[in-house]
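Residues per chain are reported as follows:
Protein chains: 2
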Amino acid sequence: MPTNTKPRLSARGRAVPASPIRRLVPYADAAKADGVAILHLNIGQPDIPTPRAMIEAYRSYDEKVLAYGHSAGLPIFRRAVADYWKRWNVDLAPEQVITTTGGSEAILFTLYALTDPGDEILVPEPFYTNYLGFATAAAVTVVPVPARVDDGFRLPPTAVFEALITPRTRAILFSNPGNPTGVVYTRAEMERLAELARARDLFLLADEVYREFVYDGAEYTSVLHLPGLEERAVVLDSISKRYSACGARVGNIATRNEDLLEAALRFGQARLCPPTVDQLAGAAAYASPASYLEDVRVEYQQRRDILFAALKAIPGVTTFRPAGAFYTVARLPVADAERFAIWLLTDFRVDGRSVMVAPASGFYATPGRGLDEVRIAYVLKGEDLKEAVAILAAGLAAYPG
Amino acid sequence: MPTNTKPRLSARGRAVPASPIRRLVPYADAAKADGVAILHLNIGQPDIPTPRAMIEAYRSYDEKVLAYGHSAGLPIFRRAVADYWKRWNVDLAPEQVITTTGGSEAILFTLYALTDPGDEILVPEPFYTNYLGFATAAAVTVVPVPARVDDGFRLPPTAVFEALITPRTRAILFSNPGNPTGVVYTRAEMERLAELARARDLFLLADEVYREFVYDGAEYTSVLHLPGLEERAVVLDSISKRYSACGARVGNIATRNEDLLEAALRFGQARLCPPTVDQLAGAAAYASPASYLEDVRVEYQQRRDILFAALKAIPGVTTFRPAGAFYTVARLPVADAERFAIWLLTDFRVDGRSVMVAPASGFYATPGRGLDEVRIAYVLKGEDLKEAVAILAAGLAAYPG
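If you read the sequences in order, they're chains A and B.
Under this note's numbering, residues 1 to 401 are what the first sequence spells out, in order.
Under this note's numbering, residues 1 to 401 are what the second sequence spells out, in order.
Hints were generated in silico from the structure; no laboratory data involved.
A couple of the hints might just be wrong.
Any copy, or any two copies together, can satisfy a pair, since identical chains are not distinguished.
[Stated by the list, open to error] Keeping only pairs whose Cα atoms sit at most 27 angstroms apart, straight-line, the calculated DSSO-like set for lysine-lysine is:
(1) Lys86 <-> Lys6
(2) Lys386 <-> Lys64
(3) Lys64 <-> Lys32
(4) Lys6 <-> Lys32
(5) Lys386 <-> Lys32
(6) Lys86 <-> Lys381
(7) Lys312 <-> Lys381
(8) Lys32 <-> Lys381
(9) Lys381 <-> Lys64
(10) Lys386 <-> Lys312
(11) Lys386 <-> Lys6
(12) Lys86 <-> Lys32
(13) Lys64 <-> Lys6
(14) Lys86 <-> Lys386
Bound conformation, chain A alone (with noise of 0.2 angstroms):
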């Protein structure tokens, strides 16, 4: 009998990766401890300001009992987001979205919904790297549908996703605009996938954050905009990289599907409810007048300019134009991008500064892919952006590895 022996953890809890891009944080702090200023390319942390109304929110805050809330999220806020929907001519009632604990909880609900465990699902690859996490927990098997750099992360062929199909796989999930790639699928593509996901008994999982963020005036074509999928698609969404307010975890899932609104609002009744002044700031957020995101928008679509003219002129990267969200993926001409990584923060300087790139090989799920190829998020102002781009071609020149 074991008396104080260490007491073994799950092998799902064992499992669970680390965030790859986290991973990389002690060695730029140690840069920042040797007085190296760094410029951080790896984080999706956006520098614009929230909106205005969204902070005064939390300041007009003035209940004496802070309650809980309604488990499907508060009325105001559930409202906010189908008048939201109105602007893309979806038409959604209230009952229609379940508000959630960050886009976070969206996926968790939707995955404890649909799938068992052992259950498989389909994601293209690259792909956001907590997907894995979240399928970790809810003990599900991350099917990897590749993609390529070379054709900037289109949709991979309806046969790719065929081969890969078994009695257990039970929807795709993808995040459209895409990160880590920026890639956004054409109404052809979305099509394909629905056609898929008929043909197949699939359910679309439509991670749709990034939404506002589409550039060249591109038409963007939500999974609610498709016909004849009404009870196959769910958008998974959060006000966290829309109004630049990641700190408040206020998130929904979007559908017509009832069933699954159900079972969405039971998983939500046994964690009670979402933060309650988030949502009432996410409210605020919503309501803001609609040039906050145009002017976002427009900020972002110039960083980006910026960063592809910028990426496209270093010797051997190969990358593309990307279309949306604040990412991009590039190819560098080095073997292991993650230890060049690491050398710029540990070895590279330029007057002092250095910069920080995320390895995307955690954002692939295939062992191999990836290896030679960086995220890179632009949530730096231009001249900045201009700079971190000099410093990691200056690094590429002088890399030894």
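Assemble chain B onto chain A, guided by the hints.
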């Protein structure tokens, strides 16, 4: 091939239970629409004012960008929790606290980290009903360990636990002070649990959200007080009840088990961070003067006395003096407490008022248990509480069922 058939949820999605506490809400809403005043003995939403310093923390929030915090929680909040434990003679470092989005997420992260799908957790019954929802989400089986109203829901004998342990049993989960029972386990009971955990290689997961609400000057024993249990003791905590701040979603996992802390952090990285402003407000709550919690305890103890005296005087009611939390379970002289509770809402009025209680069967996992019991929350002021129990007594006398 299906074309637009309705796709099905998973077994998990169908299985997750609706909140039994909220199931009677439509009856209460209908009565209110008819002009009936309903006194609520059914819910655990305290009427105690939230500490003003906490509200002021929202009101003084003034950042330009509401940014992500650390996945393990803001340092100021983790330090506040560690400092709080010193008052209980528990020496804990801030690094031994992982901040979670409510107590709910503390339970989920712990289940993810310690169990695999199909594993079992032992839970003294009746128990906090939402444990079933979390267990369903994590695909883990709740194995109820029966306790009884007749002996005040004391900890079941060790032999009863032993008989239910299988090779898949991973942990014992319990709330202490108990929701819904109001029981507070003695030092001897806690040591009995500790011995069992060591002998059978189990974790002890103690939901201690009502820790401050222990009456009659009784000693309170946390799992963190138990020597030789460092690797197995986990506190699941929340500020919701302690500071009457249920709408702020801030909880934490406190443990000395480094593997668990590290795994909880990895699950935490997937969801990025707990709500930033709620954490700032939570830190302010912990910094409020000790008199706040003392006053709240005195208030609840007075209500407990009123409730217990009034319930004991009703013919045919079996109950006991609850020692903690703000609930009790009473056996009523009716065959079906849920039908009685509905009848109170639909048919019974005293001067245009009625009362709402929570059928206790929802707090049991064993079919048939608790059918004649109700949970009563004493979150009303003394006078309202007296009136509510008087209506309950009159209802029992008049009930035709």
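Verification of the hints:
{"no.": "1", "hint": "Lys86 <-> Lys6", "verdict": "between (56 angstroms within a copy, 25 angstroms between copies)"}
{"no.": "2", "hint": "Lys386 <-> Lys64", "verdict": "between (50 angstroms within a copy, 24 angstroms between copies)"}
{"no.": "3", "hint": "Lys64 <-> Lys32", "verdict": "between (44 angstroms within a copy, 23 angstroms between copies)"}
{"no.": "4", "hint": "Lys6 <-> Lys32", "verdict": "neither (37 angstroms within a copy, 55 angstroms between copies)"}
{"no.": "5", "hint": "Lys386 <-> Lys32", "verdict": "within (21 angstroms within a copy, 63 angstroms between copies)"}
{"no.": "6", "hint": "Lys86 <-> Lys381", "verdict": "neither (32 angstroms within a copy, 45 angstroms between copies)"}
{"no.": "7", "hint": "Lys312 <-> Lys381", "verdict": "within (19 angstroms within a copy, 69 angstroms between copies)"}
{"no.": "8", "hint": "Lys32 <-> Lys381", "verdict": "within (20 angstroms within a copy, 55 angstroms between copies)"}
{"no.": "9", "hint": "Lys381 <-> Lys64", "verdict": "between (41 angstroms within a copy, 15 angstroms between copies)"}
{"no.": "10", "hint": "Lys386 <-> Lys312", "verdict": "within (13 angstroms within a copy, 76 angstroms between copies)"}
{"no.": "11", "hint": "Lys386 <-> Lys6", "verdict": "neither (51 angstroms within a copy, 51 angstroms between copies)"}
{"no.": "12", "hint": "Lys86 <-> Lys32", "verdict": "neither (46 angstroms within a copy, 34 angstroms between copies)"}
{"no.": "13", "hint": "Lys64 <-> Lys6", "verdict": "neither (46 angstroms within a copy, 46 angstroms between copies)"}
{"no.": "14", "hint": "Lys86 <-> Lys386", "verdict": "neither (38 angstroms within a copy, 50 angstroms between copies)"}
Hint compliance for this structure: hints 4, 6, 11, 12, 13 and 14 are broken, all remaining hints hold.
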